[in-house]
Amino acid sequence: MENFSLTKHELIQLTEDTFIVSFNEWIEFEPTQFIMIETETSIVRKPFGLGRWNKRLAIGVQIIGPGTGYIVQQNVLNAHGPCGRGFVPPGGKGAMIATPACLPMAMDLKERHGCDVFIGSAEELSIEIPFPLVVGDEPFLNLLRSLRGYNWFLIVGSDQMEKVSYDVLKDKAEVFVSFNEYMACGIGACKGCAKETRTGLKHLCIDGPVLRGEEVWS
Amino acid sequence: MELRPPIVIASGIGGMGEYLKLIDPKCIGAYTLKTITFKPRHGNPPPRLIATQNYLINSIGLENVGVKKFIEELRGQVYDELFRKVKVIFSFAGENFEEYLLVAEKMVPYQDRFAAFECNFSCPNVQFNPLSNPTELKRMLLELRKRLNVFLIAKIGIEGGFVEDVAKLAEDCGWNGVTLINTIRALHVDGERIIAGGVSGPVLKPIALRAVYEVRKRTSLFIIASGGIMNEEDAQQFFKVGASAISIGTALYKNPKIVEKIAKMFY
Numbered sequence: 001m002e003n004f005s006l007t008k009h010e011l012i013q014l015t016e017d018t019f020i021v022s023f024n025e026w027i028e029f030e031p032t033q034f035i036m037i038e039t040e041t042s043i044v045r046k047p048f049g050l051g052r053w054n055k056r057l058a059i060g061v062q063i064i065g066p067g068t069g070y071i072v073q074q075n076v077l078n079a080h081g082p083c084g085r086g087f088v089p090p091g092g093k094g095a096m097i098a099t100p101a102c103l104p105m106a107m108d109l110k111e112r113h114g115c116d117v118f119i120g121s122a123e124e125l126s127i128e129i130p131f132p133l134v135v136g137d138e139p140f141l142n143l144l145r146s147l148r149g150y151n152w153f154l155i156v157g158s159d160q161m162e163k164v165s166y167d168v169l170k171d172k173a174e175v176f177v178s179f180n181e182y183m184a185c186g187i188g189a190c191k192g193c194a195k196e197t198r199t200g201l202k203h204l205c206i207d208g209p210v211l212r213g214e215e216v217w218s
Numbered sequence: 001m002e003l004r005p006p007i008v009i010a011s012g013i014g015g016m017g018e019y020l021k022l023i024d025p026k027c028i029g030a031y032t033l034k035t036i037t038f039k040p041r042h043g044n045p046p047p048r049l050i051a052t053q054n055y056l057i058n059s060i061g062l063e064n065v066g067v068k069k070f071i072e073e074l075r076g077q078v079y080d081e082l083f084r085k086v087k088v089i090f091s092f093a094g095e096n097f098e099e100y101l102l103v104a105e106k107m108v109p110y111q112d113r114f115a116a117f118e119c120n121f122s123c124p125n126v127q128f129n130p131l132s133n134p135t136e137l138k139r140m141l142l143e144l145r146k147r148l149n150v151f152l153i154a155k156i157g158i159e160g161g162f163v164e165d166v167a168k169l170a171e172d173c174g175w176n177g178v179t180l181i182n183t184i185r186a187l188h189v190d191g192e193r194i195i196a197g198g199v200s201g202p203v204l205k206p207i208a209l210r211a212v213y214e215v216r217k218r219t220s221l222f223i224i225a226s227g228g229i230m231n232e233e234d235a236q237q238f239f240k241v242g243a244s245a246i247s248i249g250t251a252l253y254k255n256p257k258i259v260e261k262i263a264k265m266f267y
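Same order as they appear, the protein sequences are chains A and B. Mind the numbering: the first sequence is residues 1 to 218 in the numbering used here, read in order. Mind the numbering: the second sequence is residues 1 to 267 in the numbering used here, read in order.
In case anyone wonders, no lab produced these hints; they're calculated from the structure. Worth double-checking, as some hints may not be accurate.
[Stated by the list, open to error] Residues from chain B that keep clear of chain A, each with C-beta distances beyond 12 Å, as calculated:
1. Pro5
2. Asn96
3. Pro109
4. Glu136
5. Lys138
6. Phe162
7. Ala186
8. Ala196
9. Thr219
10. Ser244
11. Met265
[Said to hold, decoys possible] No farther apart than 30 Å at their CA atoms in a straight line, the calculated lysine-lysine pairs in the DSSO-like style are these:
12. B:Lys106 with B:Lys168
13. A:Lys202 with B:Lys39
14. A:Lys195 with B:Lys69
15. A:Lys202 with B:Lys106
16. B:Lys21 with A:Lys195
17. B:Lys68 with A:Lys195
18. B:Lys21 with A:Lys202
19. B:Lys138 with B:Lys168
20. B:Lys68 with B:Lys138
21. A:Lys8 with B:Lys257
22. B:Lys21 with B:Lys85
23. A:Lys202 with A:Lys93
24. A:Lys8 with B:Lys261
25. B:Lys39 with A:Lys195
Where a beta carbon is used, it is the ideal one built from N, C-alpha and C, also for glycine.
Isolated chain A, as found in the complex (with noise of 0.2 Å):
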């Protein structure tokens, strides 16, 4: 866990609000991991997952308000982590489920556990990528219900994109999903990110972000 600053390397739009930012500088983490960036929107820092893209640091970052615009146009930012506990799939094949702001994070975990990876997407993305996608609600839920053979699952996108997802997974597999609690300080300090679990409160900066679905939505 430390202070630094990133400098960004590439800015790459995937549609007209989503973003890979990949930066100069690399950092040591694992998989769902993520960083506290500074904006001048908010007093408090927002949470990025960190993954890699072209071989760089990357992260995401779908434009949903100043912060995360303010995010897309720097060329430096202000950053502490590694934060979170790192994703440790089970064993077996599993497949990542993920919006386009994920990619960075998918390709992260693509390339350490060789799992499948599955983009949902509202529209067409603007590059090729190295991974199935489909475009659309119903596409995305046929794709969901035609997925068999997996051991796991682990989701990551908006709350609904989660709830959705694995409310078809849940019987296939085991599912986890990367939740998206709001955070102030990222190190387990605050406790503002807390999460009602079904084995007691959980701390997603700390415990998390990745939990099983059943330990919440039981």
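With the hints as your guide, set chain B onto chain A.
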């Protein structure tokens, strides 16, 4: 109490020492631990936070392990590294007056390890507000003073009476200092989502400045100023109106290194 530099990490936000991973301990005069209550507290249900450019509202609700477990941790050397690196302030509260006394009594054997005890009389996220009953508050201040032989700080807010009156009462009861101010009850409405909690951040600064200014006129207490201190200029303003030390809280969320920048004012 001598703090070098006169910079305190605020209770709650600072957790149980986690920020030492990100801040040079030489830049911290004292580190206030998260408030410990008599019984363990689960805290409030999520969502617990919302932030904007100028404020943060938190509804943590004093989540903590309770004094029994805390003492086990203390004896189990969980905090030994923290004690080696910085002065530590113990923060405590109760769900009624008696629980304040019970926590204090349990902590008597360990009081020498701490630079001070900060009694949290003003958390906006719990039902009990000690400041709303001056008679009982006075009894509490006297009873706690009797039981504890440590530098005693009352953390007071602006709800429940003028801060200078409460601070004077604390001074008259033999207390050594005050922390001014706590977060203030506030509400955030965002569509269907409503978060009731305590507001902190830059919006608090003018209120906290006035509180420090008024208490300094009425008392000679050690004043730890807290509320919207985001940079060196804010810190200077609080010292100018009478603060003995400043407490950094919400600013840690934006940039933990701000503590080191402010500390440079003293080196």
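Cross-check of the supplied hints:
The claim that B:Pro5 is not at the interface with chain A holds, since no C-beta of that chain comes within 12 Å of its own (minimum 19 Å). Residue-level check passed: B:Asn96 sits 23 Å from the nearest beta carbon of chain A, beyond 12 Å. Every Cβ of chain A is farther than 12 Å from the Cβ of B:Pro109; the closest lies at roughly 27 Å, confirming the non-interface assignment. The beta carbon of B:Glu136 sits about 29 Å from the closest Cβ of chain A, which is more than 12 Å, so the claim that it is off the interface holds.
For B:Lys138, the non-interface assignment is confirmed: its Cβ lies about 32 Å from the closest Cβ of chain A, beyond the 12 Å cut-off. Non-interface call for B:Phe162 relative to chain A: holds, since the shortest CB-CB distance, roughly 28 Å, exceeds 12 Å. Listed as outside the interface, B:Ala186 is consistent with that label: its C-beta sits roughly 14 Å from the nearest C-beta of chain A, beyond the 12 Å cut-off. The claim that B:Ala196 is not at the interface with chain A holds, since no C-beta of that chain comes within 12 Å of its own (minimum 15 Å).
Residue-level check passed: B:Thr219 sits 31 Å from the nearest beta carbon of chain A, beyond 12 Å. With 12 Å as the threshold on Cβ separation, the claim that B:Ser244 sits away from chain A holds: the shortest Cβ distance comes to roughly 25 Å. Separation of B:Met265 from chain A is adequate, the least Cβ-Cβ distance of about 20 Å exceeding the 12 Å criterion. About 27 Å separates the Cα atoms of B:Lys106 and B:Lys168, which keeps this hinted pair within 30 Å; it holds.
Proximity of A:Lys202 to B:Lys39 is assessed by CA-CA distance (about 19 Å); at most 30 Å being required, the pair is judged to hold. A threshold of 30 Å between alpha carbons decides the hint, and for A:Lys195 with B:Lys69 the separation of about 22 Å falls inside it, so the pair holds. For the proposed pair A:Lys202 and B:Lys106, the alpha carbon gap of about 28 Å is at most 30 Å, so the pair holds. Between B:Lys21 and A:Lys195 the CA atoms are separated by roughly 24 Å; this keeps the pair inside 30 Å, and the hint holds.
Between B:Lys68 and A:Lys195 the CA atoms are separated by roughly 24 Å; this keeps the pair inside 30 Å, and the hint holds. Restraint check: the Cα-Cα separation between B:Lys21 and A:Lys202 comes to about 21 Å, which is no more than 30 Å; the hinted pair holds. Between the alpha carbons of B:Lys138 and B:Lys168 the distance comes to roughly 11 Å, so the proposed pair stays at or under 30 Å and holds. Note on B:Lys68 and B:Lys138: the hinted pairing holds, with a Cα-Cα distance of about 26 Å set against a maximum of 30 Å.
A threshold of 30 Å between alpha carbons decides the hint, and for A:Lys8 with B:Lys257 the separation of about 21 Å falls inside it, so the pair holds. A distance of roughly 11 Å separates the Cα atoms of B:Lys21 and B:Lys85; the hinted pair therefore holds under the 30 Å criterion. A C-alpha spacing of about 27 Å is found between A:Lys202 and A:Lys93, which places the hinted pair at or below 30 Å, so the restraint holds. For the given pair, A:Lys8 sits about 25 Å from B:Lys261 by alpha-carbon distance, which is consistent with the 30 Å threshold.
Using a Cα cut-off of 30 Å, the hinted pair B:Lys39 and A:Lys195 holds, with the two alpha carbons roughly 21 Å apart.
In the structure shown, no violation is registered for any of the earlier numbered hints.
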